[in-house]
Amino acid sequence: MCGLCGVLGGGGDWTDAAARPGVYTRNVDSLQRRRERVNRVACAQKVLSFYGLVLTDWQASSFILSTLTGKSEIVDNLTHLWAAAEKLTGRPCDPLDPRLIDRLEATGG
Amino acid sequence: MVDFTPVNLITGFLGSGKTTLLQRLLADPALADTAVLINEFGEVGLDHHLLGHIDETVVLLATGCLCCTIRGELSTAIKDLHSKRERGVVPAFRRLVVESSGLADPFPILSTVQADPVLRHHFRLGNVITTVDAVNGLGRPEAIKQVAVADRLVLTKTDLAPDYEALIAELHLLNPDAPLLRAAEQPIAAAMLFDDGAHSPLRAFPAAVEAPHGAVQSFVLRFDGALDWTMFGVWLTMLLNRHGEKVLRVKGILNVEGSDTPVAVHGVQHLVHPPKHMEGWPGADRRSRLVFIVEGLEPSSIERSLAAFSGHPIARSGPAATAAE
Chain A
-5 MCGLCGVLGG
5 GGDWTDAAAR
15 PGVYTRNVDS
25 LQRRRERVNR
35 VACAQKVLSF
45 YGLVLTDWQA
55 SSFILSTLTG
65 KSEIVDNLTH
75 LWAAAEKLTG
85 RPCDPLDPRL
95 IDRLEATGG
Chain B
22 MVDFTPVNLI
32 TGFLGSGKTT
42 LLQRLLADPA
52 LADTAVLINE
62 FGEVGLDHHL
72 LGHIDETVVL
82 LATGCLCCTI
92 RGELSTAIKD
102 LHSKRERGVV
112 PAFRRLVVES
122 SGLADPFPIL
132 STVQADPVLR
142 HHFRLGNVIT
152 TVDAVNGLGR
162 PEAIKQVAVA
172 DRLVLTKTDL
182 APDYEALIAE
192 LHLLNPDAPL
202 LRAAEQPIAA
212 AMLFDDGAHS
222 PLRAFPAAVE
232 APHGAVQSFV
242 LRFDGALDWT
252 MFGVWLTMLL
262 NRHGEKVLRV
272 KGILNVEGSD
282 TPVAVHGVQH
292 LVHPPKHMEG
302 WPGADRRSRL
312 VFIVEGLEPS
322 SIERSLAAFS
332 GHPIARSGPA
342 ATAAE
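Those sequence lines, one after another, are chains A and B. For the first sequence, the numbering used here assigns the number -5 to the initial residue and increments by one for each residue that follows. For the second sequence, the numbering used here assigns the number 22 to the initial residue and increments by one for each residue that follows.
Calculated from the structure, these hints are not laboratory results. The C-beta atom is built at its ideal place from N, Cα and C for all residues, glycine as well. Just so you know, not all the hints are guaranteed correct.
No more than 16 Å apart at the CA atoms, straight line, and that leaves these computed lysine to aspartate or glutamate pairs for EDC-like [to be verified]:
(1) K40/A <-> D249/B
(2) K105/B <-> D54/B
(3) K297/B <-> E80/A
(4) K267/B <-> D88/A
(5) K267/B <-> D217/B
(6) K297/B <-> E186/B
(7) K65/A <-> D10/A
(8) K105/B <-> E77/B
(9) K267/B <-> E77/B
(10) K297/B <-> D10/A
Computed Cβ-Cβ distance ranges for the label pairs, DEER-style [claimed, not checked]:
(11) N33/A <-> L124/B: 39 to 49 Å
(12) F44/A <-> D24/B: 22 to 32 Å
(13) I68/A <-> F25/B: 48 to 58 Å
Rough simulated footprint, nothing fancy, chain B against chain A, three-plus residues with beta-carbon under 8 Å [claimed, not checked]:
(14) 24 to 38
(15) 50 to 60
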């Protein structure tokens, strides 16, 4: 349980399986885990910029998603990220949106 | 390593032969360490298999199989059974088979096992077995969904249907990856249905064509080069968040950066199974490939979206591509 927000459980999201097994599931090599999280923030940020959102890592345990005006949500993993992004922006975050795809193609993914 | 108990779902439309299939299976000694959750004892006619009553909802069969009725919530029934196993009230079963009602959407049942905070630490999803009636075919949207999520298809009543080749072709288009068994023409052993194909490498990977079954269609995306797993996760979580109920199934093997062996992914609607690192590639082909079964989504836009997110050019197998292969 998280002592700060009392969230039970957590973990076990499918995206936590990494190319290198055990990065998230074993309590070793914290540097590798940090590196993986930095990469995850960078990847998600490529998409989130389109919606005017910023993602930051929080203590290597959660992520904080914020709008440019400072509205924020704590998210545990990528699966929760998109529901939070839609809640903060009040619009659907659709990977099939041609405008988003155009933007990603222009910036090289 | 925790030993998770696999949960197999037997689904299929009303009257498609789920209970008959179960009746045949219950006599199989291979089900000795299995618990079966059914809706009613009476429907299955257990009398001649019965060894004894454990309580009003659980009976022990002569083969060693536990048979239990579901009252109320499925999650409560499974937790109750798990509790009885831990207390030694029932024999320690190593597999759980759930028979769903004919009208049930299979997704909430699968989701129960994976999302429940207690169950997900003791159980894992195994194969989904779907029965299809050769006489009545696939009329209803529920039946199509049940076929789309199947890991094994069992065609029943083939002895009553004059011609079912068209139905077989239709099933292959809808779910190209699931092996098809014919209940009336071959003996069906429990192992054929329950042996884990859910997380195994994809078998003969189909050169699928887009199946014109209403709005449901299947297609395959293939791409060269190693994929960034994290970017793929960003893309698939975003797709399933917005369109999960329309992605009846996504299944495939990926060539992932930083790994010599492929990673198998498998999802049903909003639910994605824990990905598996496979021991090796099934053949010489090192391309990533993903089978999608979607309802009301445009395959070309999924292809373009994944290409843009991953930075990889992608080939989609459709009617034209199949002809060229």
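Going down the list of hints, with the structure as the test:
Of the pairs offered as hints, the one joining K40/A and D249/B holds, with about 14 Å between alpha carbons and a cut-off of 16 Å not exceeded. A threshold of 16 Å between alpha carbons decides the hint, and for K105/B with D54/B the separation of about 15 Å falls inside it, so the pair holds. For the hint pairing K297/B with E80/A, the CA-to-CA distance comes to about 30 Å; that exceeds 16 Å, so the pair is violated. A hinted pair counts as satisfied when its Cα atoms are at most 16 Å apart, and K267/B with D88/A qualifies at roughly 13 Å.
The hinted pair formed by K267/B and D217/B fails the criterion: a straight-line CA distance of about 25 Å is larger than 16 Å. This hinted pair does not check out: K297/B and E186/B have alpha carbons roughly 35 Å apart, beyond 16 Å. Taking the CA atoms of K65/A and D10/A, the gap is near 26 Å; set against the 16 Å cutoff, the hint is violated. Between K105/B and E77/B the alpha-carbon distance is near 13 Å, which keeps this suggested pair within the 16 Å criterion.
Straight-line distance between C-alpha atoms of K267/B and E77/B comes to about 40 Å, which puts the hinted pair past the 16 Å bound. Of the supplied pair hints, the one linking K297/B and D10/A holds, its CA atoms being roughly 12 Å apart against a limit of 16 Å. The beta-carbon spacing between N33/A and L124/B, approximately 45 Å, falls within the hinted interval of 39 to 49 Å. Taken as a hint, the range 22 to 32 Å is violated for the pair F44/A and D24/B, whose Cβ atoms sit roughly 44 Å apart.
A hinted range of 48 to 58 Å for the beta carbons of I68/A and F25/B is inconsistent with their spacing of about 29 Å. Evaluation of the coverage hint for the segment 24 to 38 of chain A: fulfilled, as 5 residues show C-beta separations to chain B shorter than 8 Å, against a requirement of three. Remark: the segment 50 to 60 of chain A is not confirmed as covered by chain B, as 0 of its residues place a Cβ nearer than 8 Å to a Cβ of that chain, below the required three.
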